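Here is how the chains run, residue by residue.
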Amino acid sequence: MTYLHFFTSARFWRGALPALSLTFVLLGVFWLQPRAMSYFGLNLLFNLAVPIALATIAQMFVIAVNDLDLSIGSFVSLVACIGATWLNDTPLLGIAALAGCVLVYAALGALIHLRQLPSIVVTLGMSFVWSGCAVLLLPTPGGAAPDWIRALVSFKPPYVPMPLIAALVLALVVYFGLMRTSWGVLMRGVGGNEKALTRAGWSILKLKMVMYSLTALFGIFAGLTLVGLATSADANIALRYTLLSIAGVILGGGEFVGGRVSPVGAVLGAMTLTLTASFLSFLRISPDWQIGAQGAILIIVLALRAVVNRLEKR
Amino acid sequence: MTTEIMPPLIALKGIRKVFGAVQALAGVDLEIRTGECLGLVGHNGAGKSTLMNILAGTLTASSGDLEVAGVNQGKGYSVQNAGHLGIRCVFQELSLCPNLSVAENTRIIHPVLKGFGWRKRAGSLIMDQLDRIFPEHGISSSDIVGDLSIAKRQMVEIARAFTVTDTDLRLVILDEPTSSLDAQVADQLLAHIRGIASQGVSVILISHLLGEILQVSNTIAVMKDGRVVDLRAAESFDRTSLVEAMGSTVVAEAAPRRDAVPASAKGEERVHMRPPGQPDDQSIRAQAGEVIGFAGLAGQGQTAALLSVYDGHGVLPSTGGEAACCFVAGDRQVDGVLPLWSIRKNIGISSLKRLRSGLLVQGERERELAEAWKDRIGIRAPDVEAPILSLSGGNQQKVLFARALGSAADIVLMDDPMRGVDVGTKNEVYAIIRQEASRGRTFLWYTTEMEELDYCDRVYVFRDGVIAETLSGDDITEEKLLLASFKQVAEPA
Amino acid sequence: MKVLDTLTRNRPWSWSFLAAFLTWAVTAAYISGSGGLALASTALSFATFFVMVGIGQMFVITLGPGNVDLSIPSTITLSAVVAMMVMGGDNAMILPGFLAAIAVGGAVGLFNYGLIRVLSIPPIIATMSSSFLVQSSAIALGRGVKIKPPSVLEWMSTAKVLGLPILSLGVVVFAICMAVLLNRTVYGRSVTAFGQNVRAAWLAGVPVERIRYLTYTLSAVLAAVCGVFLAGFSGGSSLNMGEEYLLASIAVVVIGGSSIAGGNSNVPGIYGSALFLFLLVAMLNTFGAAAGVRLILTGLIIVGVVTFAGGRKESR
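Residue numbers (the numbering used here), protein chains in the order written: chain A, 35 to 348; chain B, 830 to 1322; chain C, 186 to 501.
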């Protein structure tokens, strides 16, 4: 295949869309507010993108096996509450609680697979369970993030702001694990063709449990990062992450079914969504339109992708 | 092992398999020796694929024994066992993950391909096989399978079955491996099969192309109704005796199947369609009262032509308007049955507008319609309120016929609807088709069974999505059909 | 025989009524006296709104796997805001207000359908994306605006006859109509066929695209009407008024015994489970359970019900 051929192929454009959307929004921000083009400016712009990117990666693992997690927002909130209470006061209890959460997620994966349940209903139900736990743990906003987490998230490396480094590391680690290792192949294979894996003798049940556990793990990272940034927690702190994370995966070039996901794209997608909010405020548009703009970006990107796919079919 | 004589590589003894009420395998005995190439033929639903699934470990036999190299495998035989024993299977519907690359798909069947550099090793494994079997294949190990053409996917899957890592290859099962390959590539595969068999690897080849079977097999097994009905050395078969053994030439009935009325005396023209890409001036025409056959090898665009007519292409405006066509599915579960409903509702769905009074569908009238067709077409069920899934396959198919014939549509499209249906049911349905045609309905009938074409006034033979030949009346003979089916690609003798 | 058949086939929804009755009985026994009747009346009032959106969601879910309307909460909010603005507290403007709300619902339904069709994306993503836009519009339009509903609308939403809320009587009639729509009309049959197997339904002559469009519109319009009554009931619109209806609309369908895999739904179960959901919360409140416990229990009941009702087993 010649290089020219590659750059005009639908596959290339599908892959490039997330990066292009981020560049587009970023240029818009710089144009409106040149001061954002600095260490502190970038730090400010992307600080809150890190927990969202982590939640998006969490969502991506579930989407990779053709399921959907409508509870990730309340789960991240619960983790933030655990982080601001138990993990700070009685670290062992906190760690045990978080480990328990991973087990619950693995069990959900098993339940959904064995009973062939629709993941949206199960996770919607679970969102109430997580919220309930969070409210019980922290009835009113408060608590305090452990110092080590606060120190970690407010670390200021020279030259490049921490959020950018974090996003890069996240994207590369998950890319390597899911896209390059031999085990990642199996995990993505579940979404592509379950039957092919079964016929090759692999257990779909185990693979799904692993994927759900990974969702929990990255959900925990998201919650802890968030509580570190916010320094205190509340039971509703991350509810909007559910929709943001799904939107991030899709923006990042992930397909809803068929196991076609992109970790790098998902991180870029999450960053784009976060930037949109700043972009609007620099445009002096009321923050009322923030989620509307996120919806609009999602629709525009989906429309562009539909165009690319249609061109490819021709 | 104490026996002097080497036991056969595989010995199947009295294998039976039951799906619900349907018996797919009724006690199969079969042996495969090392280095043997066994051709397996039989009509759709004869049980070939089920048998191969059992051998590959993806299905468990209801009863019977499976011995590999003289060792009884018992009940716990699984895909992993098959893998360790060096048994590979290329299934009829492809088992690749479309979202993964060619190399990644290779890793899936080889648990040992892991750790540092696995991708490179997987890539060279699959590329070696591809190069060996299909020179000039034009596939790269980093290609995403979903982006490849169907033919290339099939090549990848076949090549993958021949890759070897930690266990020696002992048996490769190929279920319709050439269905998407063109003749030249198919020949490459057949040559490879002969080569590998001479190196001591056994092969089971399933194909509906009898020429392929006769060309490469040492032994041929013929299956019918879940049994092996004939098993002989390949030399003792020729095409005719093979067709006879499969049981496709039924003793001719005395009654004329085709009525003698010439086409000109039939009704108005209803369909006139040219398949897209048709190189010459042949086109599909159908008049009122005609039964038109679509023939040719399986999957040559017959179903697509039917669906295109269903979508309204080529249906002449004088015909019925919106609901001019109804469709009788061949793949019942995918295209036909509404599984949660009773027989009554399954029949009524295509006639709802006529069953209304005011805004409401009248259950009583629907019941009358269903009862009438249940009697006329002979659906064996206690009551039309019985759930459709409680019926046998043949009776479910009759419900689909009742649905179509009970509707007001003038054109009835049939997508090889007699697959896996017993002879008695078939004859009942044939009679009704003739009756309905004589009342002025038009039938477009895709069929893979030769004898059904005897009921057709005119037959269009399809090849590569277009009409290869139009045969009518007494020209519809098996020889002419076979000739036309292979029109563009001459099959080696 | 026929009676037995009917009874067994109707069983899935009878459970929800049984559960509703039991929770009511336990609570009523605990609070004793006439409190039980008042509780029943309140339950009927609140269940009304669950039923309205639940029926719309039910038609969507009947369409089969992947079909679910996530834009219901935002549609409720936007239509309530728009209706309150059009009505402006004036009784004479009630009808135009309703029409405006229905227009909002119709527009959302059309937009949802358009996204599904034109972008060929799964309904969940389509309705989620559109809900972002709708919610944002509602926030932008309704922030800081607090308009009292017209007195007649307020009366319609809250008045009682013989201790029974008028609106709930109206919704009973409405639910019966919807049951007839589902079971006896060409549309209802088509939706049910669609949910069992889209391709088979299409090949049997069902105009599948028209059915999909009508269904998403029906769901959005019902959400819109619910929004208006909800605003009348609670003295005006608020920006988070639709929030709890996302889970509730799906929960009443699942608990009511409709198949989440599509193709098999019933209307009575929606009523039963709407009553049950409200009474459950009331019971836990009566016993002084914390808000967290209520949430956890609601969630576990939903997960439990889908687990036991089961998904669709692979045929063949």
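Calculated from the structure, these hints are not laboratory results.
Predicted, not measured: the structure shown is a model, and the values here were computed from it.
A portion of the hints provided could be inaccurate.
Claimed, not checked - Pair ranges (Cβ atoms, derived):
no., chain 1, residue 1, chain 2, residue 2, range
1, B, Met835, A, Ala144, 39 to 49 Å
2, A, Thr57, B, Pro1216, 53 to 63 Å
3, C, Leu222, A, Leu317, 48 to 58 Å
4, A, Thr57, B, Ala1237, 38 to 48 Å
5, C, Met270, B, Ser971, 18 to 28 Å
6, A, Thr57, C, Val303, 51 to 61 Å
Think of the CB as a built atom: it goes at the ideal place given N, C-alpha and C, for glycine as much as any other residue.
Status of the hints after comparison with the structure:
1. For B:Met835 paired with A:Ala144, a C-beta distance near 45 Å keeps the hint of 39 to 49 Å intact.
2. For the pair A:Thr57 and B:Pro1216, the beta carbons lie near 57 Å from each other, so the given range of 53 to 63 Å is met.
3. Under the hint 48 to 58 Å, the C-beta atoms of C:Leu222 and A:Leu317, about 56 Å apart, fit the expected range.
4. For the hinted restraint 38 to 48 Å between A:Thr57 and B:Ala1237, the CB-CB distance of approximately 59 Å leaves it violated.
5. Evaluation of the 18 to 28 Å hint for C:Met270 and B:Ser971 yields a failure: the beta carbon distance comes to about 58 Å.
6. Checked against the hint of 51 to 61 Å, the C-beta distance between A:Thr57 and C:Val303 comes to roughly 26 Å, which is inconsistent with it.
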